[in-house]
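Following the hints, put chain B in place on chain A, whose structure we already have.
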Amino acid sequence: MLESHLTDELRRVADAVPVPDDLLPAAGLKRAVAHRRPWTMVAVAAAALLALGLSPLGQNALAAVTHWVMTYRVAVNPGAIPDPVVDVLTIQYGQTVEEKKDGVREVHRGVSVADLAGWPLPVYLGPDPEARAVLTETYREKDGTLLFTTLTLNWQVFMDGASKNLSYGMSRGWIPAGRLEEVRSGARPGVEIYGVEESQVKQQTVSIRGHEATATQVGPTWMLHWWHEGGGGHLVGNVPLEVLLKVAESMPRLE
Amino acid sequence: MDLQGTLAAAQAGDQDAFRALVEPYLPGAYRTTLLILLDRELARDAVQEALVRAYASLGHFRTDAPFRPWFSRIVVNEARRLWRRERRQPTLLEELPDLTSPGEDSPEALLPAQESRESLWQALAELDDLHRTVLVLRYYQGLSESEMAEVLETRPGTVKSRLHNAPPAAPGTAERRRCPAALLVRQGSSCHNREVFLRCWKVT
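For the record, the sequence lines run as chains A and B.
Our numbering puts the first residue of the first sequence at 1, with every later residue one more than the last.
Our numbering puts the first residue of the second sequence at 1, with every later residue one more than the last.
Next up, chain A with everything else stripped away, as it sits in the complex (with noise of 0.2 Å):
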């Protein structure tokens, strides 16, 4: 009888407090939802290459973040995403730690944005001045062993609409355990898959524009990792790896 308590004392709360009238913008979807697809910014940034005359160059530019964005699209689709990626993509500020099984703990935590010295999006951030993006990093430990670390790279976008604060995942990474101290001072790390069987796993050393990288493959979705001095980067994509290879060759930068 006393769980109803706690249900009245909930609806008590909550209904008490009146509902916003804005959370539907009267008509901001469009260009809320615009504004989430990062292709926009891009072909805002390719097109101002060519209003400047680079014709060429804008032309090659203009090919290679499309060919970029194509693959970005695939790899932010959720549903081309193992499941542990989409609650680690979002993830930016502070320290968060969760509890898991059998003693491991996970671990969230924001990167400094200095980190991101190197990465190629903010190559693609230029238009819009108000944006900035931040690396995450989430790992797993049990009894202080590091099990696995994700990088995740993320922006926001801030909007005079209703909707602000729009974050997006880029990319991952699974740096093997104990290889963090390595990765921050720009040693290229190696790849660990977790989460299923090192049979189901397929990795091949591949070169983009003369810089190592190594491709990573389970099921139907292909990782593409590489770090250099002074940084690094990773695609993914449910593509075939020649795509991933074709859009990582076309970046601006690589490291």
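Please keep in mind that the hints were generated in silico from the structure rather than gathered at the bench.
Here a beta-carbon is modelled for each residue, glycine too, at the ideal position from N, C-alpha and C.
All clues stand as given, with none of them false.
If we take Cβ atoms under 10 Å as the criterion, some of the chain B residues that face chain A in the derived model are:
no.	residue
1	Val22
2	Arg31
3	Arg40
4	Asp128
Here are the computed lysine to any residue pairs in the SDA-like style, where the Cα-Cα straight-line distance is at most 20 Å:
no.	chain 1	residue 1	chain 2	residue 2
5	A	Lys246	A	Val206
6	B	Lys160	B	Glu145
7	A	Lys202	A	Thr214
8	B	Lys160	A	Ser4
9	A	Lys202	A	Leu245
10	B	Lys160	A	Glu99
11	B	Lys160	A	Thr7
Just chain B now, with coordinates in the frame of chain A:
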């Protein structure tokens, strides 16, 4: 226009149809996120963001599926995502309405006193987002375990576990704070009078 027609129009990009589709659910969505986030502004942000997400992904919605669980899933996911990102000190606790009023202070009412209510809300605020979300879905929305599992996209067993088991205590945390509100309630439900019940909820 019937529901299917409204849905089809919304999927075709008709914002008015989308508004008609979601409007009946907005009060519940806002208050659910309010209880998960314990902050009015964050709750508003979460619902707004959920609406944008719902609008953007409406094309993927299967028209033969019920709309409400699908929308609830987006709303709850957005609230939890925002909670993890913001981690603000809950402001709702500072504005709990004073419930002292004639008729509510009778012993039969079994309503906890203000101090006890604050303990309850404090306990809720100290839960991780998943435990609190489960409690809100169960005790505010009145969902069954299978319905909660659908919204949370997890197995009913996981929901049951979250509903009835306390999260591990952080070092140095008082035993009381280990208990999710459901445990506090269950603890209280074994009490036969108001005094014992209140003692169950209060700091010991």
